[in-house]
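Q: Assemble chains B, C and D onto chain A, guided by the hints.
So the sequence lines, in the order shown, correspond to chains A, B, C and D.
No gaps in the numbering here: position 129 of the first sequence is 129 in this note's numbering, and each next residue is one more.
No gaps in the numbering here: position 91 of the second sequence is 91 in this note's numbering, and each next residue is one more.
No gaps in the numbering here: position 246 of the third sequence is 246 in this note's numbering, and each next residue is one more.
No gaps in the numbering here: position 55 of the fourth sequence is 55 in this note's numbering, and each next residue is one more.
Warning: the hint list may mix true and false statements.
Label-pair distances were calculated between CB atoms; the ranges are [what the hints assert, rightly or not]:
#, chain 1, residue 1, chain 2, residue 2, range
1, A, Ala121, D, Asp400, 57 to 63 Å
2, B, Thr10, A, Ala121, 19 to 25 Å
3, D, Arg60, A, Glu47, 29 to 35 Å
4, C, Leu32, D, Gly153, 42 to 48 Å
Taking lysine to aspartate or glutamate and the DMTMM-like style, the derived pairs with C-alpha atoms no more than 20 Å apart in a straight line are [as the list claims (entries may be wrong)]:
#, chain 1, residue 1, chain 2, residue 2
5, D, Lys32, A, Asp218
6, C, Lys210, D, Asp400
7, A, Lys118, A, Glu40
In case anyone wonders, no lab produced these hints; they're calculated from the structure.
Where is the CB? At the ideal position from N, CA and C, for every residue including glycine.
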Amino acid sequence: MKTIVNLVSVVVLLWLAVLAWALWHIPLTDSGLQTLALAELPNSGVEHAVTAVLLNYRAYDTLLEVVVLLAAVLGARAAGWPVALPLNADRGPLLPGVASVLLPLLLLSAVYLLWLGKHEAGGSFQSGALLGAAGILALLSAQPGDWPVRAWTVRVGLVIGFSIFLLVGVLVIPFSGTFLAYPFGTATELILLIEIVLAFSIGLALLLLFAGQGSVIDPP
Amino acid sequence: MSTVAIYLLTGGLLFVIGLHGLIVRRSLLRKILALNIMDSGVFMVLLSLAARSDPPDPVPQAMVLTGIVVAVSATALALVLLVIAPSRYTDEHDPNA
Amino acid sequence: MTFGGVLLLLILLSSLVPGVLIFFVAEQRRRLRTVLNMSGAVIKLLLVVVLLEGVREGLFFQLSFNVLPGLAFVLHADALSILFIALSAVLWLVTTIYAIGYLENSPNRSRFFGFFSLCVFTTTGIALAGNLFTFLIFYELLTLATYPLVVHRGTAPSLRAGRQYLIYTLGGGVALLIGVVGLNLLAGSQPFTPGGYLGVLAGQHDTELKILFVLMILGFGVKSALVPLHGWLPQAMVAPAPVSALLHAVAVVKAGAFGIVRLVQDVFGTGLLIYLDLLLVVLLLASVTIVYGSLRALMQTDIKRRLAFSTVSQVSYITLGVTLAGPIGFIGGLAHLVHQGLMKITLFFCAGNFAETLGVHRIDQLNGIGRRMPWTMAAFTVGALGMIGLPPMAGFISKWYLAQGALEVGQQWVIGVLILSSLLNMMYFLPVLYRAWFKPPMEQWPQERLKTRWETHLSLLLPPLFTALLALLAGLLAGMSTSPLAWAELITLRNYAL
Amino acid sequence: MDLSLHPHWAVWCIVVPLLASGLAVLVPRWGKTVGVVGALLTLLAVGGATLHLLAHGPQRIEIGGWGAPLGIQLQLTGPALMMLWMTALVSVPITLYACDYFVTRSQQLRFWPLWLLLWATMNMLYLSADLFNLYITLELISLVAVVLVALAGPKAIRAAIRYLLMNLLGSLCFLLAVALMYGAYGMLDIKMLAEQVEATPLTGLALALMSIGLLLKSALFPLHIWLPPAHAGAPAPVSAVLSALVVKASFYLMLLLWLTLYSSLVTHGLTTLIGVLGIGAILWGSVQALRAARLKQLVAYSTVAQLGYIGLAITLIDVAAWQPVLTFMIAHACAKGAMFLAAGNFQRAAGHDRMALISTALRALPVSVFAFALAGVSLIGLPPSGGFLAKWLLLSAALDSGRWLIALALVGSGLLTALYIFRVLERAMRPGANLQPVGRVSPLMEWSAFGLGLLAILLGFAGVGITQIVAEWPV
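Extracted from the complex, chain A is given alone in its bound form (with noise of 0.2 Å):
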């Protein structure tokens, strides 16, 4: 066995060579795609060239990123989801404490950061993590019994980021003539839009890729 690691060990150094060798090779100058990103902001409904590029020019890349997540949590459901949390457990005085105090901050900061995405780093996959944050807080805090919400919201919940927004590429395609192509002057309101119901489907997706039961999601 241990000739083995050896061996790997002296082809992997001999790949860090090469790699090393030509990442060196890399030209320093930007022939980057940078001029034109920025050439286009204004006409692209939003002031910040990385929301621009991940919402506008490249919007087909975050339809399938939110699928690729949509798919991780399917995948959960059909593996059988992980080991269940346990929903009954006492939970003691501290964590409702904390909660208490830490859910309306998580809350609002989720939200400005969603809205800080038109100008400044920011947008629905930010502020997703902190929705999914402050749900897992809100699960572990809560008290026993089981989800506030019926098994159908969730499956809507988690659905309705991606149809969203590919029903918002199809439905553009008769006034811009292809996909994903928002008409001129409403790109800022309909990016707006699909940022709102991402940063939701995103948020539940996280929480229930960490406490996901069947009971929660699968019909009764």
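A: Same frame as chain A, but now just chains B, C and D:
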């Protein structure tokens, strides 16, 4: 040796360290960790590409954002499968596996 | 899609459709299966008669479509294909009757008759193939259609025989595939033309042509049981009697021989082969097979294995006739294709009867069987004498023409081979006849089945008598215009454009 | 306002299954109907795309309306359309098969959304013309495929994990290669990149990384370790789609990149290396298939061998480019799909798939045996099947360019395949007691397998269509 080149090389180094860990380590959890190290390695390469120009190039940054979400989903799925897999399959008990 | 094309399609469908339908017939629906079988056979026979008249008048029958740009799937009926189709149509009808009687209460009959019809479908396809590509498609399909029949009983020996059969035929198929692809690269996919279409390449690609010819002879030699490649035929005797009768006396071996005829006459052309001096090699190979087959037949104690080795040697008469490269030899070879089919199927039917009614499998058990089953033994005798080549019989005619062909081309030693093989035939058939007619029978037959009014079931008795009669007529009335010999002359007339 | 549907057929091929998958998640009770209707609509979309391609030639859809370097492009070319057809032709029968295969409600509930998602993702991959977008589709295919394997319950989870880890490694190599290409040329669109690429060492490393990543995902020999346990352990329709379609997506992608992006770099040495790996795969796969103790293992190892056959076909891309490889991929997809469905039927009926006792199940299901036989004929490459057509094209290319070893390997692999195919068919002929069925095999399950097998045979006569589409619009 501008700072961009340094980050590029460290990105490559992280990738290779992760690769070594993935191949050598037998325990599945450590393999997943190794994969995450490789992820961060590639993202560092991408970000250093973005940093080559003064207003940093937004396209690699968007690629990194997307890459992070994909990496999170893949790792989450791997961990879910790991937790569900009957324990006699995953050799967690062996620390140096 | 001319009327001719439709007719060809109908002939093919007349055995494909019943075959596919029979697969779905429930096992116990005996009458429905028989109706399907018989209607398919009769319709096919009628269509073949229509086709025969059409070709005699020189009408054009062709059906072709492109499988790849520049590569066509062509069905074409010429005089040569009629010879083979007529033989298989008649014998399929007779063998179906025989098989229905033979497999009276055995399992998996629907599966058997399904594959049986598919097998005849592929044989017809081989006969009608218009170019090498189509020929290859049906030639390989024949392996797939016959394998389930060889392993029909599912016993360990039949599975082993099936495995060996596959190894030989798939191996041969590979050689043939490379050959056909190579020729397609050299000369494109051209239809079969009398006298061959490769003559023009004589100068440039000699070595490639030689390699490709050897590969294709290997491919065809497997099924026509040329010496080194004949191993599967005696093993396949484990199959039920109708299978060994139709397949190993008519369909499969003849397909191989027919392939060699097409290859030598309609692809390479005898002229080119003489220029490449390959013709003599095949002639020698055929002669060696003739003698070797007869020698091995002499040493067999089991009836069907002796007949199998006799088939190995008799089929090579056809190859001999073709590679003599003379019109008369060609006539002899083609006539023998029909004559040997008729005689050999009679012998296999009779062997099947002996096994089915009296449980007789070995030659020494045949003592005095003439008294117990006189009619079957009479048919056997007609077949055996035909094989030996007694003057009025069909066998004599083809051997006579082969000898004439040898003289015409100046290969005198071939006559020696013919005489030697006739002698050997006598040595392994006459003792059987003597034992059957003149020796007292054993006190008790191995497994005597119920005593019917006739010596055995009618459906087992009539087919051999019918085919024996056909063999006799083919010999006596060779001069008539509808005899196989006359048709062989017609083919040669058109082929050599004398 | 332009309401005409026709310029966006490629988009419908992606959107329809994706929306159907969302609907299946939303309303699990309708899972089966959404699955079947989604399958038929997608088939319609692919048909529409074909008509559009025949009428207007290859099409490049600029998603989001942005130009090539900035936005993402979809490309509808001849080979892409052929792969769309391959996915559709195999997926419809599998969809029908899955309707009756999954009996428990919870399995139905989990299978349908993932199945439609997998189909959508494969269509996305074939249509995408952007490197980073291809990375995401490759990742998505792996995730969904892994999960479908895990559907078979706890015993398949370990195989699923190994499958996932190997595929993630492959995706990461691919991503690093995309990063290097972006670093060197500053753009992600394949067509524009193809015009800029020169044979620098950086591009060479990117080619190597991409090829290793894709070979890992398409399980070409020595990187095939994860395939047999995953494909044998998965439920029948899943292993059918994994073997028939998923492994081919990465092979197609590698070919696409080699022929367009790296055409100057792909030296003869590289293709012969793949050819040698191919021969290794054929030998290894066939030997393992002959020794396999279980039927699904046998079919899984047969996949490893047939992937080696594709490796052989790759060595001829400089002589014969797309057509033989594509014909073989489609023929193999139908044949392998039919074979796994038939194997699923035998396992469902007998309760096990051990080769020693399989003959009772084989005798009880004649239609499935026929499906297995038809698929076997196409795999061996006997006429008149699609496999034969592919073998004919490859053999012509090999003999024409004087590569005897490749010709010999092509022909030899057919014989090796015949050995293990007839090892199964022979057991169908053995007499013996009748089967006491453990599970119910509905006629739909048998006839969908038979339909797929028949498709593999009928492809033998579709050569003209494939040639016309592929030859006229290669890229």
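Q: Hint numbers the structure violates, sorted upward?
A: none
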